[in-house]
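K.L.:
Next come the chains, spelled out residue by residue.
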Amino acid sequence: MWRDALLVAGKDIRIELRSRVALWQVLPFAVLVLVLFGFALGPGPSALRTAAPGLYWLAVLFSTVLATQRSMAIESGEGTRDGLRLSGIDPAGVFLGKAAAVAVQLVAVQVLLGAGIVVLFDVHVETWWLALVASVLATVGLSAAGVLYGALSAGLRVRETLLPLLVLPIVAPVLIAGSRAWSAAVSGAVASGASWLKILGPFAAVYLAVGVALYGPLQETA
Amino acid sequence: MASRVMELAVHLRSAVALAGRFPALSGVDLDVAAGEVVAVLGANGAGKTSLLRVCAGLVPVVSGDARVLGCDLRSERTLARRRVGLLGHDPALYDELTAAENVRFAVRAAGLGTDRVGPALDRLGLTGRLRRTPAVRMSAGQRRRTALAVLVARDPELWLLDEPHAGLDADARTIVGSLVEEAAASGAAVVLTSHEPDLAVPLADRVAVMSGGRITSVRTGGRRADATDRVLVALSQGDAHVA
Numbered sequence: 001m002w003r004d005a006l007l008v009a010g011k012d013i014r015i016e017l018r019s020r021v022a023l024w025q026v027l028p029f030a031v032l033v034l035v036l037f038g039f040a041l042g043p044g045p046s047a048l049r050t051a052a053p054g055l056y057w058l059a060v061l062f063s064t065v066l067a068t069q070r071s072m073a074i075e076s077g078e079g080t081r082d083g084l085r086l087s088g089i090d091p092a093g094v095f096l097g098k099a100a101a102v103a104v105q106l107v108a109v110q111v112l113l114g115a116g117i118v119v120l121f122d123v124h125v126e127t128w129w130l131a132l133v134a135s136v137l138a139t140v141g142l143s144a145a146g147v148l149y150g151a152l153s154a155g156l157r158v159r160e161t162l163l164p165l166l167v168l169p170i171v172a173p174v175l176i177a178g179s180r181a182w183s184a185a186v187s188g189a190v191a192s193g194a195s196w197l198k199i200l201g202p203f204a205a206v207y208l209a210v211g212v213a214l215y216g217p218l219q220e221t222a
Numbered sequence: 001m002a003s004r005v006m007e008l009a010v011h012l013r014s015a016v017a018l019a020g021r022f023p024a025l026s027g028v029d030l031d032v033a034a035g036e037v038v039a040v041l042g043a044n045g046a047g048k049t050s051l052l053r054v055c056a057g058l059v060p061v062v063s064g065d066a067r068v069l070g071c072d073l074r075s076e077r078t079l080a081r082r083r084v085g086l087l088g089h090d091p092a093l094y095d096e097l098t099a100a101e102n103v104r105f106a107v108r109a110a111g112l113g114t115d116r117v118g119p120a121l122d123r124l125g126l127t128g129r130l131r132r133t134p135a136v137r138m139s140a141g142q143r144r145r146t147a148l149a150v151l152v153a154r155d156p157e158l159w160l161l162d163e164p165h166a167g168l169d170a171d172a173r174t175i176v177g178s179l180v181e182e183a184a185a186s187g188a189a190v191v192l193t194s195h196e197p198d199l200a201v202p203l204a205d206r207v208a209v210m211s212g213g214r215i216t217s218v219r220t221g222g223r224r225a226d227a228t229d230r231v232l233v234a235l236s237q238g239d240a241h242v243a
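So the protein sequences, as listed, match chains A and B. Take the first sequence: its position 217, counting from 1, is numbered 217 in this note's numbering, and each next residue is one higher. Take the second sequence: its position 166, counting from 1, is numbered 166 in this note's numbering, and each next residue is one higher.
To be clear, the hints were calculated from the coordinates, so they are not data collected in a lab. All C-beta atoms in this analysis are idealised placements derived from N, C-alpha and C, irrespective of residue type, glycine included. Misleading hints may appear alongside valid ones.
Okay, the calculated beta carbon distance ranges per label pair [said to hold, decoys possible]:
1. H124/A - D90/B: 50 to 56 Å
2. G167/B - T221/A: 26 to 32 Å
3. A140/B - L165/A: 33 to 39 Å
4. L112/B - H124/A: 26 to 32 Å
5. T127/B - R20/A: 37 to 43 Å
6. T221/A - V136/B: 24 to 30 Å
7. R74/B - V118/A: 56 to 62 Å
Rough simulated footprint, nothing fancy, chain A against chain B, three-plus residues with beta-carbon under 8 Å [claimed, not checked]:
8. 84 to 96
9. 104 to 118
Take the sequences, apply the hints, and build the full model.
P.N.:
Pasting the structure below:
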């Protein structure tokens, strides 16, 4: 399973590096979301600083939808989808590999967004480890949930419009917990921030487990 | 009878499969032995592609008996798939990957050594800069050659070729003929579909004609004279389904 996951992740990342969809579409989109929300909130620095964690995670969530759609589009051709089913690769390995490739893209998005809120919104993170752990757990959960629901909608003609409707409500806990954890990391309130990790950790674990178990049947019905 | 069935690469009895709500196969009987080449002819919509997809374990059989390489397609589909190679209408290629990368991915996915990649690409005439060309920039024929190179590198026990001559130039068509001969000589079974009997029949031990999701007739192909003898032996053993 792990060997297959590495193989699929390597393939997806290589394809992304060649197509540069993440570089030219996902990353600019994430920054655009951040800037536009900034415009909507106005120039007041305190309002921007307060809202920054929420804006950051909203931009990450929207980017998750884009990255997941792209990940599923790689296998959207009938030939490649069949090829993957005939390849002998463990479906759980396919799920983990695709989730890992989406996670790598989300890490790039978050690095850029992190720099964005520091530069544009004048945010200073007091407790870096808390922000980092929250980001890691949220990234795992978002990529796992995204790929799982991406597989669920893969065989449908309306998959492009259906995926955001499926994913965004499901990942609302990540938005809430991630925003609160980051707010705590910015203000230095470690205890309250750490409590939100108790939501992000189980969310990631549950979606990883469900994805490993269900990706095979979903691949067959897509 | 049971041991003979185990030896067959394909064993379908009254196999019924659906494409959506409509029947794609309506009770197909077909046996293909190891080392045998069967050409399936028929008009568009006759069920040729569905037959191959059933044999590949991609389309489930809803009734009847279906075994491929000894694996029951109802309960052991994933086991069978690993030993089957399918050349479909759409080459299973990733557009952004080169010919060499596509073949390497398929080989590694099958748990095989990457030393198979170079010879497979050579065999299909994919040399020099073509190997480094992303699939999206290849012509339809070059993509088809790359998809065939994947099969050559994987060396499956059952080759399922859907219109293998389509979109290929004369040289590549000759290569397809050689590949089919070599696969059969090595003990693999080959089932190929075609709209062009003049290309398919000379390659085949037997020729099955499909219409309306059924095999309506089976005749001796032009590949080996002893194909007729084998059919007669099977019939004398009481297996009326092997024509």
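K.L.:
State for each hint whether it applies.
P.N.:
Cross-check of the supplied hints:
1. Between H124/A and D90/B the C-beta distance comes to about 53 Å, which sits within the given range of 50 to 56 Å.
2. At roughly 31 Å, the beta-carbon separation of G167/B and T221/A lies within the given 26 to 32 Å, and the hint holds.
3. Between A140/B and L165/A, the C-beta spacing of about 37 Å keeps the proposed range 33 to 39 Å intact.
4. A hinted range of 26 to 32 Å for the beta carbons of L112/B and H124/A is inconsistent with their spacing of about 53 Å.
5. At about 28 Å, the CB distance of T127/B to R20/A disagrees with the hint of 37 to 43 Å.
6. Judged by the Cβ atoms, the range 24 to 30 Å given for T221/A and V136/B holds: they are separated by roughly 28 Å.
7. Restraint check, R74/B to V118/A: a C-beta distance of roughly 58 Å satisfies the suggested window 56 to 62 Å.
8. Taking a C-beta to C-beta cut-off of 8 Å, the segment 84 to 96 of chain B contributes 11 residues in contact with chain A, enough for the three needed, and the coverage statement holds.
9. Counting residues of the segment 104 to 118 of chain B whose beta carbon lies closer than 8 Å to any beta carbon of chain A gives 6, which reaches the threshold of three, so the coverage claim holds.
Comparing the model with each numbered hint stated earlier shows that hints 4 and 5 do not hold.
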